[in-house]
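Protein chains: 2
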Amino acid sequence: MSERIWTAGLVVIGDEILSGRTHDKNIAQVAAWLQVQGIRLAEVRVVPDVQDRIVEAVNALRSANDYLFTTGGIGPTHDDITVDAVAAALGREVVIHPEARAILERYYTDKPGGLTEDRLRMARVPDGAELIPNRMSGAPGIRIGNVFLMAGVPHITAGMLDALTGTLEGGAPLLSETMGCWTAESEVAGLLRKVEKAHEDCQIGSYPFFREGKVGANFVIRSTDAQALAACAKDLRDSLSEAGHAPVAGGI
Amino acid sequence: MSERIWTAGLVVIGDEILSGRTHDKNIAQVAAWLQVQGIRLAEVRVVPDVQDRIVEAVNALRSANDYLFTTGGIGPTHDDITVDAVAAALGREVVIHPEARAILERYYTDKPGGLTEDRLRMARVPDGAELIPNRMSGAPGIRIGNVFLMAGVPHITAGMLDALTGTLEGGAPLLSETMGCWTAESEVAGLLRKVEKAHEDCQIGSYPFFREGKVGANFVIRSTDAQALAACAKDLRDSLSEAGHAPVAGGI
Chain P
423 MSERIWTAGL VVIGDEILSG RTHDKNIAQV AAWLQVQGIR LAEVRVVPDV
473 QDRIVEAVNA LRSANDYLFT TGGIGPTHDD ITVDAVAAAL GREVVIHPEA
523 RAILERYYTD KPGGLTEDRL RMARVPDGAE LIPNRMSGAP GIRIGNVFLM
573 AGVPHITAGM LDALTGTLEG GAPLLSETMG CWTAESEVAG LLRKVEKAHE
623 DCQIGSYPFF REGKVGANFV IRSTDAQALA ACAKDLRDSL SEAGHAPVAG
673 GI
Chain E
423 MSERIWTAGL VVIGDEILSG RTHDKNIAQV AAWLQVQGIR LAEVRVVPDV
473 QDRIVEAVNA LRSANDYLFT TGGIGPTHDD ITVDAVAAAL GREVVIHPEA
523 RAILERYYTD KPGGLTEDRL RMARVPDGAE LIPNRMSGAP GIRIGNVFLM
573 AGVPHITAGM LDALTGTLEG GAPLLSETMG CWTAESEVAG LLRKVEKAHE
623 DCQIGSYPFF REGKVGANFV IRSTDAQALA ACAKDLRDSL SEAGHAPVAG
673 GI
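First to last, the protein sequences are chains P and E. The opening position of the first sequence corresponds to residue 423 in this note's numbering, with each subsequent residue numbered one higher. The opening position of the second sequence corresponds to residue 423 in this note's numbering, with each subsequent residue numbered one higher.
Don't take each hint at face value.
[Claimed, not checked] Below, in silico cross-link-like pairs of lysine-lysine (BS3-like), each with a Cα-Cα straight-line distance of 27 Å or less:
hint: 1; chain 1: E; residue 1: 656; chain 2: E; residue 2: 636
hint: 2; chain 1: P; residue 1: 656; chain 2: P; residue 2: 636
hint: 3; chain 1: E; residue 1: 619; chain 2: P; residue 2: 636
hint: 4; chain 1: P; residue 1: 636; chain 2: E; residue 2: 533
hint: 5; chain 1: E; residue 1: 619; chain 2: E; residue 2: 656
hint: 6; chain 1: E; residue 1: 616; chain 2: P; residue 2: 533
hint: 7; chain 1: P; residue 1: 636; chain 2: P; residue 2: 616
hint: 8; chain 1: P; residue 1: 656; chain 2: P; residue 2: 616
hint: 9; chain 1: P; residue 1: 533; chain 2: E; residue 2: 533
hint: 10; chain 1: P; residue 1: 619; chain 2: P; residue 2: 656
hint: 11; chain 1: E; residue 1: 616; chain 2: E; residue 2: 636
hint: 12; chain 1: E; residue 1: 447; chain 2: P; residue 2: 447
hint: 13; chain 1: E; residue 1: 533; chain 2: P; residue 2: 616
hint: 14; chain 1: E; residue 1: 616; chain 2: E; residue 2: 656
hint: 15; chain 1: P; residue 1: 447; chain 2: E; residue 2: 636
[Said to hold, decoys possible] Just so you have them, the derived chain E footprint on chain P, three or more residues with Cβ under 8 Å:
hint: 16; stretch: 446 to 458
hint: 17; stretch: 468 to 478
hint: 18; stretch: 487 to 501
hint: 19; stretch: 535 to 542
hint: 20; stretch: 621 to 630
Since the hints were derived computationally from the structure, they do not count as laboratory data. Owing to the predicted nature of the structure, the values given are computational and were not obtained by experimental measurement. Glycine is no exception: its CB is placed at the ideal position from the N, C-alpha and C atoms.
Please put together the full structure from these sequences, using the hints given.
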């Protein structure tokens, strides 16, 4: 396959993830969403609420990939510094986005206090940015060039991803087929290696588990080529059966 | 506080995380465990099963931190390349560790097939490594210098962390106190900023949520100094109360 592969990086920003207090849900949801867009998530970095560390991660991943996403740090409080850090990374000024201000004015018009100075922080963007709609709460996400700044709260992130669905150029989606076996992966390691070698457009991942007191493994075949995928899946299914390991379609 | 801060990096290895198929649980569990050891998790990188990418992340984070942990890629299959990648990063040969071989021999002695060539892969270590006990399944984790290679399956990782508890030198644990409010964080952003400024040995994180149809936020005060933490927590509690936001101890 000489097809162009589109990639994205993700920077998850927040001390709350690094302290173990909050379990990240955005890596999995951004990863799964990117798959559907035909874009491969190439790397994730989780960094603290420290400007230099955000700048470093953003610059490393935006230059290495077609797209860069961030989650977290775009709220109204003093520890929300993503906009400043990304503006610094891109060498842009931070400005108030007039449309974001109008959105926040409408959103807070019937709420106590109205659009305070702190809330207006959520209209700050790197100069030249566009907005990503947020149908869940007032504050929009931000797009500037190939960089997309999204909320950290997972259901708000989900709404922003939804708004971006189908708008990004991507390659052929990575297709996958999964099968499982109630077999320790160490028993089929040689077989997997052999099947993968015979199908160069495919990759096979092996994911062991321990369930109901028994060991097993799921095997995920991935390819951007549907025919190659089907051929590899057939070969793996047949090889497992012949070796006495009844495969379960779709995984266990 | 001039106290030395001990830091760790974590490299999560695996295509299954980057594809969104598997939800990572190791970041949170390693982060929470490190807190208790008095070690701060400074950065996490999630990288694919590609040797160069693992080498790059391992070298970046082991030199920037006191400790480096990896999860994933130490099983028996062809996609388990963490040992090779870390050996390459450290400039070491890969060798069979005699004690690991003995552990695997015992573990597989009454299992069909015994210690096959594929299973013996799990005794491969970078030359000079020690083992990390694994009480869940046969294959041990690996320690070499300040680098710790652990399993990817979360309950096995947990057992390895348990075996390491109390064995690593760390600084004063980062203490924290949490309080919550049924108040939008945008209403208290100014108050938070003011309280944090008045307590320089403390950091305050603000974590908004949406629950039971209402918005609220938890505030986490962190410090390595118990007295400073208590003073800051009292100040924040009093300031919230005075502003009419009844704080809830321990968070919501």
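Taking the hints in turn, this is what the structure says about them:
1. For the given pair, residue 656/E sits about 26 Å from residue 636/E by alpha-carbon distance, which is consistent with the 27 Å threshold.
2. Proximity of residue 656/P to residue 636/P is assessed by CA-CA distance (about 26 Å); at most 27 Å being required, the pair is judged to hold.
3. Of the supplied pair hints, the one linking residue 619/E and residue 636/P is violated, its CA atoms being roughly 54 Å apart against a limit of 27 Å.
4. For a cut-off of 27 Å, the pair hint linking residue 636/P to residue 533/E stands: about 13 Å separates their Cα positions.
5. For the suggested pair residue 619/E and residue 656/E, the alpha carbons sit about 14 Å apart, so the restraint of at most 27 Å is met.
6. About 23 Å separates the Cα atoms of residue 616/E and residue 533/P, which keeps this hinted pair within 27 Å; it holds.
7. Pair hint residue 636/P plus residue 616/P holds up; C-alpha atoms about 25 Å apart against a cutoff of 27 Å.
8. In summary, the hint linking residue 656/P to residue 616/P is supported, as the alpha carbons are separated by about 14 Å, within the 27 Å threshold.
9. For the suggested pair residue 533/P and residue 533/E, the alpha carbons sit about 66 Å apart, so the restraint of at most 27 Å is broken.
10. The hinted pair formed by residue 619/P and residue 656/P meets the criterion: a straight-line CA distance of about 14 Å does not exceed 27 Å.
11. Restraint check for residue 616/E and residue 636/E: satisfied, since their Cα atoms lie roughly 25 Å apart, inside the 27 Å limit.
12. A threshold of 27 Å between alpha carbons decides the hint, and for residue 447/E with residue 447/P the separation of about 10 Å falls inside it, so the pair holds.
13. Pair hint residue 533/E plus residue 616/P holds up; C-alpha atoms about 23 Å apart against a cutoff of 27 Å.
14. For the hint linking residue 616/E to residue 656/E, the alpha-carbon distance of about 14 Å falls within 27 Å, and the restraint holds.
15. Taken as a hint, the residue 447/P and residue 636/E pair is honoured in the structure, with Cα atoms around 21 Å apart against an allowance of 27 Å.
16. Three residues within the 8 Å Cβ limit are the bar, and the stretch 446 to 458 of chain P against chain E gives 11, so the coverage statement holds.
17. Evaluation of the coverage hint for the stretch 468 to 478 of chain P: fulfilled, as 5 residues show C-beta separations to chain E shorter than 8 Å, against a requirement of three.
18. Residues of the stretch 487 to 501 of chain P lying with their CB closer than 8 Å to a CB of chain E number 5, which satisfies the three-residue condition for coverage.
19. Only residues whose C-beta sits within less than 8 Å of a C-beta in chain E count toward coverage, and the stretch 535 to 542 of chain P has 5 of them, enough to reach three; the restraint holds.
20. Proximity of the stretch 621 to 630 of chain P to chain E, defined as three or more residues with a beta carbon under 8 Å from a beta carbon of that chain, is established by the 6 residues found.
When held up to the earlier numbered hints, the structure conflicts with 3, 9 and fits the remainder.
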